[in-house]
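Asker: Here is how the chains run, residue by residue.
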Amino acid sequence: MYDTIIIGAGMSGLAAGIRLAHFDQRVCILERHYTIGGLNSFYRMGGRDYDVGLHAMTNFAKKGTKRGPLAKLIRQLRFNWEDFALAEQIGSSIRFPGVNLDFGNDIELLESEVAREFPDCVDGFRKLHQSLLDYDDLSGDDPTFTRSSREVLTELIPDPLLREMLLCPLMWYGNAREDDMDYGQFCIMFRACYLEGFARPFKGVRVILKNLVRKFRGLGGELKLRSGVSRIRVENGRAVGVVLDDGTEIAGRRILSSAGTIETLRLCDDITEVDVAKAGRLSFIESISILDKQPRDFGFDRTIVFYNDSDQFHWRRPEESLCDVRTGVICSPNNYRYGAAEGELPDGVIRITTLANHDLWCGLSETRYAAEKVAQYESAVASAVRFMPDFRRHTIATDIFTPKTIRRFTWHDNGAVYGAPDKRLDGSTHLNNLFLCGTDQGFVGIVGAILSGISMANRHCLVAD
Amino acid sequence: MSPAEIREEILDILGDIAPDENLDELVDDVSFREQMELDSMDFLDIVMELRKRHRVQIPEEDYGHLASMGSTVSYLEPKMRDIVKA
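Protein chains in written order, with this note's numbering: chain A, 1 to 465; chain B, 1001 to 1086.
Accuracy of the hints is not assured; some may be wrong.
Below 30 Å or equal to it, Euclidean Cα-Cα: the simulated BS3-like pairs (lysine-lysine) are [unchecked claim]:
#	chain 1	residue 1	chain 2	residue 2
1	B	Lys1085	A	Lys62
2	A	Lys224	B	Lys1052
3	A	Lys404	A	Lys278
4	A	Lys210	B	Lys1052
5	A	Lys203	A	Lys224
Pair ranges (Cβ atoms, derived) [stated by the list, open to error]:
#	chain 1	residue 1	chain 2	residue 2	range
6	A	Asp297	B	Asp1012	50 to 60 Å
7	A	Val463	B	Asp1016	15 to 25 Å
8	B	Val1030	A	Gly237	40 to 50 Å
9	A	Val463	B	Leu1023	21 to 31 Å
10	B	Asp1020	A	Asp24	42 to 52 Å
11	A	Asp159	B	Gly1064	17 to 27 Å
12	B	Asp1012	A	Gly64	15 to 25 Å
13	B	Glu1005	A	Arg337	43 to 53 Å
14	A	Asp297	B	Val1030	24 to 34 Å
15	B	Asp1024	A	Gly218	24 to 34 Å
16	A	Asp422	B	Gln1035	34 to 44 Å
17	A	Arg337	B	Glu1025	30 to 40 Å
Since the hints were made in silico from the structure, they are not lab data.
Note that the structure is predicted; figures quoted are calculated from it, not measured.
From the three backbone atoms N, C-alpha and C, an ideal C-beta is built for every residue, glycine too.
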């Protein structure tokens, strides 16, 4: 009998596991896939290391910082700052037709860019920035949490183009809702991206995951891979354990699930129908190009570029086509300030993320799927090179993952990357010993997911114990 | 444990929670929150570490007693008097 069974060995599940194992609970993490990480995994192909998910870790803070999400998670998980070995970004940009705004890990840069390109908006931008300095996050019960960000921005920023440009990176890095964004989520993402900024470990996401797993196992936690949960057994209104895909039964006093709200409810014995319309719909393809040069050697020094090819930013699932290449994210893991001891990554890498339709991708026959991967890669790259130097002749290898891949690795409905638009910020479900963590509970991104696991473990599995 | 030993124990816990903090300069009658910027998650950790290490149970309504080193030691003194320091 476990004290807590955790579903999913992604960032949130592993972080929750560490908290509980540290305080002597018997904990088991069950992962359907043969590897850890979920939405933030990694793989090796053709002798090269690839990351899934991670372009950058948001919420950067320098060693010794006392406040903020990164400091909080390092304390809570008893890590050292050195464990994450974070290198800061060189600099990122928001690119719309004819306008470029650079930003980095110091908000001053973005402010000066706004002052140059949108002088009549800089007062409003400062006001917005000031209002976000305080760390007291809006709680989910706060009626302003779900206020429309577009509405709030319209009050502060007179130029519609700047509003679109500011929203673009924040929606790309963490908005599960189409078209608009909850103001609470906007504040979290503004802080994560513009105030604190981007960083990355030299060796990518595997550094973070391996540290999490090592710590969890070192504390006596059990991690079972290839152990998908097919059912959550419910008796007399309480979860009593889980049944694995192979029929094995595991008993637990409580369950913490990172499978997603709808996905978790669907597992429960006592629920026969779930409202699938509430699942998230936003998914992506990612086109990865391995280059024979470092991007800086052909004139590209940006860490991340968020681009959009018109004055109107469309944040929604493409309905009629596999992908929507009008907007995208270009990321180069080469363009970080790595330490002298680390040197440079062995290859040049450009990753491009594009909005995609999960259902259309999954409806393709096997041969069409393979052909479309090539075609959509080409069209994503062709779109992106309008906003950066054309790197195509330097390409020596490519890979692409699609919503189908994401679905396979995460089991999330629709291959949804940021989960459902309506979050369950308190992590509660219809059962009083079944709780949610991960993207559907609240925060997204690596730091957000880890904090989700920590806070749900604290609130539901430690305090109440 | 004597009050001095309890204080040592709390310092040890704080060192675990915030390894970068210089605890030599901790002032006993100024709040942890003010000196170390501890938040509610950190206070939970003090409670949980005391439970883990010494089986001391601190009900949620008593968390307020853990505001500073001084108030923490006086609150814990009767609860930890009979614990023998390892």
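Asker: Next, verify each hint and record whether it holds.
Answerer: Consistency of the hints with the structure:
no.: 1; hint: B:Lys1085 with A:Lys62; result: violated, 37 Å
no.: 2; hint: A:Lys224 with B:Lys1052; result: holds, 26 Å
no.: 3; hint: A:Lys404 with A:Lys278; result: holds, 19 Å
no.: 4; hint: A:Lys210 with B:Lys1052; result: holds, 26 Å
no.: 5; hint: A:Lys203 with A:Lys224; result: holds, 25 Å
no.: 6; hint: A:Asp297 with B:Asp1012: 50 to 60 Å; result: holds, 52 Å
no.: 7; hint: A:Val463 with B:Asp1016: 15 to 25 Å; result: holds, 19 Å
no.: 8; hint: B:Val1030 with A:Gly237: 40 to 50 Å; result: holds, 48 Å
no.: 9; hint: A:Val463 with B:Leu1023: 21 to 31 Å; result: holds, 26 Å
no.: 10; hint: B:Asp1020 with A:Asp24: 42 to 52 Å; result: violated, 26 Å
no.: 11; hint: A:Asp159 with B:Gly1064: 17 to 27 Å; result: violated, 49 Å
no.: 12; hint: B:Asp1012 with A:Gly64: 15 to 25 Å; result: holds, 20 Å
no.: 13; hint: B:Glu1005 with A:Arg337: 43 to 53 Å; result: holds, 46 Å
no.: 14; hint: A:Asp297 with B:Val1030: 24 to 34 Å; result: violated, 55 Å
no.: 15; hint: B:Asp1024 with A:Gly218: 24 to 34 Å; result: holds, 29 Å
no.: 16; hint: A:Asp422 with B:Gln1035: 34 to 44 Å; result: holds, 40 Å
no.: 17; hint: A:Arg337 with B:Glu1025: 30 to 40 Å; result: holds, 33 Å
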